[in-house]
Every structure is written in C-alpha cells, then in structure tokens.
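Here is what each chain is made of, one letter per residue.
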Amino acid sequence: MALPVITSVTVTYPSGSSLAPGETAIIDVEAVDGDNYTVVVSLFVTDSSGNESNGTATVLVGDSLTYSAGADVGTVVADPIVAGRFYFTAP
Amino acid sequence: MATVHVVVRDEAGHQATQDVTVSLSGTPGALGRIAGVHVLQQVASTGELASLRTSILSALAVPGVVAFGVRAPWNTVDASFAIFDAALDIAGTAGKALTVRFMAGSHTPDRIRNVAPMLGTGSSRYPRPFDSSGVLNAPFLSEYGEYVELVAGWCRANDVPQLHLSHYAKDWAEFYWGPEVQAIMGSGAAGQTAMVNATNALADAGLAVAGSDLMVELPMSGHGPLMRSSPTASPGIAERVAQHIAATGADRMLIQGNGWDEDGIWGATASTEVNFDFVLNAGCLLGVQMIQPYNTYTWSEVFDTATVKGATTAEVYLPSFSGGTSAQLRAECGAWVPNAA
Numbered sequence: 001m002a003l004p005v006i007t008s009v010t011v012t013y014p015s016g017s018s019l020a021p022g023e024t025a026i027i028d029v030e031a032v033d034g035d036n037y038t039v040v041v042s043l044f045v046t047d048s049s050g051n052e053s054n055g056t057a058t059v060l061v062g063d064s065l066t067y068s069a070g071a072d073v074g075t076v077v078a079d080p081i082v083a084g085r086f087y088f089t090a091p
Numbered sequence: 092m093a094t095v096h097v098v099v100r101d102e103a104g105h106q107a108t109q110d111v112t113v114s115l116s117g118t119p120g121a122l123g124r125i126a127g128v129h130v131l132q133q134v135a136s137t138g139e140l141a142s143l144r145t146s147i148l149s150a151l152a153v154p155g156v157v158a159f160g161v162r163a164p165w166n167t168v169d170a171s172f173a174i175f176d177a178a179l180d181i182a183g184t185a186g187k188a189l190t191v192r193f194m195a196g197s198h199t200p201d202r203i204r205n206v207a208p209m210l211g212t213g214s215s216r217y218p219r220p221f222d223s224s225g226v227l228n229a230p231f232l233s234e235y236g237e238y239v240e241l242v243a244g245w246c247r248a249n250d251v252p253q254l255h256l257s258h259y260a261k262d263w264a265e266f267y268w269g270p271e272v273q274a275i276m277g278s279g280a281a282g283q284t285a286m287v288n289a290t291n292a293l294a295d296a297g298l299a300v301a302g303s304d305l306m307v308e309l310p311m312s313g314h315g316p317l318m319r320s321s322p323t324a325s326p327g328i329a330e331r332v333a334q335h336i337a338a339t340g341a342d343r344m345l346i347q348g349n350g351w352d353e354d355g356i357w358g359a360t361a362s363t364e365v366n367f368d369f370v371l372n373a374g375c376l377l378g379v380q381m382i383q384p385y386n387t388y389t390w391s392e393v394f395d396t397a398t399v400k401g402a403t404t405a406e407v408y409l410p411s412f413s414g415g416t417s418a419q420l421r422a423e424c425g426a427w428v429p430n431a432a
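These protein sequences, in sequence, are chains A and B.
Position one of the first sequence corresponds to residue 1 (the working numbering), numbered consecutively onward.
Position one of the second sequence corresponds to residue 92 (the working numbering), numbered consecutively onward.
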C-alpha cells in the first residue's frame with residue numbers, strides 16, 4: 001500500500017503576502033491516493049437505425065482521503081464542506 | 092511566521108504530511124498570543140524547574156500549545172524572579188509565550204505576614220480578606236498591589252503576555268471562602284458582600300496594570316460555596332466578582348474555572364455546575380485549568396467541555412503530556428479551536 005501524495009498546498013492571503021493579527025488565510029491542500037489507478041470505460045451509443053458511435057471515459061479509482069491540520073500558533077479550522085480547505089487565523 | 096502542519100490519510104490509515112509556512116506581520120496582542128493550550132507546572136525552585144526542562148520542551152512542541160504557564164509560591168518569587176527568568180528561558184527556547192502565576196495564602200512572604208492581618212497560626216498563616224466590620228485588609232492590599240505592579244513590569248520587560256493573579260486564599264491561588272473566612276462576619280449577605288468587595292480589590296490591582304499587551308486573570312473557582320444557590324436565586328460571590336470585572340476591564344482580564352475535566356470547569360457536581368455557570372453570563376473572557384495532573388482523561392470530552400463553556404485559554408498540567416492517554420491529549424491540542432479572542 002502506498003502513502004497518499006500531497007500534490008500542492010496553497011496559501012491565499014486576504015491581501016498582500018502576510019497576515020496581520022486576527023486576519024485569516026485560506027489554505028488549500030490537494031492530494032491523491034498513492035494506490036490510485038485509472039480505468040478506461042468504453043462507451044457505445046447506437047441509434048434505432050443501427051448507427052454506432054463510440055468514445056471513452058477515464059475514471060480514477062482510489063481510497064477516499066481525510067485531511068487535518070494544526071498550527072504552532074494561531075488557530076486552524078477545517079472547511080466543513082470543502083475537503084482539504086482550511087482557515088488559518090493569525091494570533 | 093506560523094507553521095501549519097497538514098496531514099492527509101487514506102482509508103488504510105497511511106498518511107502523508109507537509110508543513111506550510113504562513114507569513115505573519117504586526118505584533119499580536121496579548122490575548123491573541125495566549126489563546127490556546129498552556130502547559131502548566133508548579134515549581135518552588137530553579138533546580139526543580141531545570142529538572143523538568145526536557146519534558147516541558149517536549150510538551151511545548153505539541154501543535155496547539157501556545158504557552159508555558161509557571162506557578163510558584165509567592166515567597167519563592169518575592170526577593171528574586173529567578174524562577175520566572177528560568178521559565179522564560181524554557182519558553183523562549185520552545186518559541187512559545189510564558190505566563191506567570193504566584194500563590195498567596197500561606198505562601199505569602201513573611202515580610203507581609205508579619206505586618207498584615209492574618210488568619211491561622213504559625214507557618215500556616217494566610218491573609219484575612221476583611222475584618223468583622225467588613226473593612227478590607229489595607230496592609231495586605233497595599234503589598235499585593237505593589238507586587239503585582241512589580242511582576243507586571245517584569246512581564247512587560249520580557250514580553251510575557253499574561254499574569255495570573257492570586258486570591259487571598261489559603262493553600263492555593265484560588266478563591267478561599269472557607270469556614271474561617273465565613274466566621275468573620277457570617278456566611279450570610281453581609282459576609283458575602285465583604286468577600287465580594289475584598290476580591291474586587293484584588294481584581295482592581297490586576298486591572299490597574301493590565302492592557303492589550305498584558306492580560307491578567309483571576310480564578311472564580313475554589314473553596315465555596317461561591318455560586319448562586321439555584322437558577323432563580325440571587326448571584327453568588329463569584330458571579331458578583333465576575334460582573335465587577337466585566338464592567339471594569341473585560342477587554343484585559345480573564346476569569347478562570349480551575350476545575351476543568353470531562354464534566355465541567357468548576358470542579359463541582361452537575362447541579363452545582365449549572366448554578367456556577369451563571370458566572371459565564373457576566374461577559375468575561377474565560378480561561379480553564381485542569382483540575383488534576385492526570386494522564387487518564389478522555390481528552391476529546393475534556394476539550395469539548397472547554398469549547399462549550401467558551402474558553403479562550405486552557406491550562407493542562409505537564410504530567411498529562413506523558414504516558415496514559417497523552418497521545419490523545421496531543422492530538423486534541425492541535426485540533427482545539429479556542430473561543431475567538
């Protein structure tokens with residue numbers, strides 16, 4: 001079993017490039033399951049005259065991931081809806 | 092700079108971690124610096140503190156821990172602040188804030204016990220809050236005020252954001268409304284009013300030195316009864332003191348419940364806890380302190396209690412960070428969101 005892979009962590013400041021006391025930054029974490037794999041699904045569509053068209057769809061298969069975060073100072077709160085999104089408030 | 096520690100887990104429990112740095116600007120106010128979990132340890136000497144240095148640093152490294160709280164008997168930090176200096180060095184090494192607390196009661200220096208009215212006898216003497224006419228203990232209050240001013244000056248000189256105040260007390264720093272104090276004027280309205288007035292004077296001494304750069308704190312728990320007798324009864328002693336603090340300096344002073352555990356913050360039975368909670372309606376900022384230094388608590392429930400009560404600071408004794416359920420404690424420290432400061 002492979003570990004999850006964190007592909008990016010982005011900090012978005014409310015303005016500028018730092019946080020003043022009491023301000024909140026958004027931290028977005030993107031990650032993928034290390035054991036994920038893709039399945040190519042072939043799709044066929046046939047009309048009533050027998051004409052056929054086909055295509056493919058790629059589906060990513062992997063474990064669901066859970067995200068958590070803590071900070072040495074200030075507070076971190078997870079977004080209740082968006083997985084991997086956190087709100088960091090400066091002390 | 093702040094460091095945010097990110098953890099991603101898959102369904103099998105495998106995890107990836109990454110630290111991200113957040114740039115901070117400006118100087119946080121004292122309240123912003125103390126919001127979170129504090130590691131609390133009482134010592135009576137610099138040698139005792141030195142022997143605990145490694146374990147204190149380990150606890151301070153836990154995400155969510157923002158401060159080291161050192162508690163010392165007043166007579167050990169009267170002629171010298173060496174204990175506070177040594178604690179400051181430990182907190183500084185960890186990059187965390189320091190908070191300081193002195194205990195009056197029978198730990199009051201003899202230079203004060205020899206001149207101010209006391210209760211008890213011999214080495215167990217402790218300050219008498221008021222006399223049989225309800226007159227406050229002016230000699231003690233004068234010394235108390237001078238000492239609080241002295242410690243506040245040291246705090247400001249060393250960037251220490253919180254000074255915990257002591258009650259007149261007996262064995263500890265908490266309220267002491269025990270039988271000897273109740274006997275002075277009785278436990279009825281007159282005695283209670285005298286106790287409120289005497290305690291308000293301690294709060295005022297703290298408020299006189301407090302500011303946005305230095306928060307002060309006074310416990311509302313201790314030897315009682317300090318709460319109202321029923322939800323419909325008139326406010327108890329602690330509630331009246333909290334109302335005074337809220338009206339005088341709610342922005343620079345916290346009240347505290349020192350009986351924090353899974354079930355409450357006042358160290359009382361469930362029915363008493365309900366009546367005690369009227370203290371929280373006064374509108375003061377709240378700190379909580381664990382009732383015991385055990386490592387057997389169910390910490391998720393303990394921190395749920397702090398959240399429900401609206402605490403901004405949470406003091407946990409050092410021994411709780413080792414063995415037992417300490418792994419759960421360490422996780423909860425990072426997950427706990429203090430009441431917005």
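Honestly, I wouldn't trust all of these hints.
[What the hints assert, rightly or not] Just so you have them, the derived chain B footprint on chain A, three or more residues with Cβ under 8 Å:
(1) 23 to 31
(2) 74 to 85
[What the hints assert, rightly or not] Here are some chain A residues the structure puts well away from chain B; computed CB gaps all over 10 Å:
(3) ILE6
(4) SER17
(5) VAL40
(6) SER49
(7) GLY50
Keep in mind that the hints were calculated from the coordinates and are not lab data.
These figures come from a predicted structure and were not determined experimentally.
The C-beta atom is built at its ideal place from N, Cα and C for all residues, glycine as well.
Evaluation of the provided hints:
1. Here the stretch 23 to 31 of chain A counts 4 residues with a CB under 8 Å from a CB of chain B, which clears the bar of 3, and the coverage holds.
2. Remark: the stretch 74 to 85 of chain A is confirmed as covered by chain B, as 5 of its residues place a Cβ nearer than 8 Å to a Cβ of that chain, reaching the required three.
3. Its closest Cβ contact with chain B, about 5 Å, brings A:ILE6 to no more than 10 Å, contrary to its assignment away from the interface.
4. Against chain B, the non-interface label of A:SER17 is violated: not every CB pair exceeds 10 Å, the least being about 6 Å.
5. Every beta carbon of chain B lies more than 10 Å from that of A:VAL40, the smallest distance being close to 23 Å; the non-interface claim holds.
6. Every CB of chain B lies more than 10 Å from the CB of A:SER49, the least distance being 47 Å, so the non-interface label holds.
7. Even its closest Cβ contact with chain B, about 45 Å, leaves A:GLY50 beyond 10 Å, as expected for a residue assigned away from the interface.
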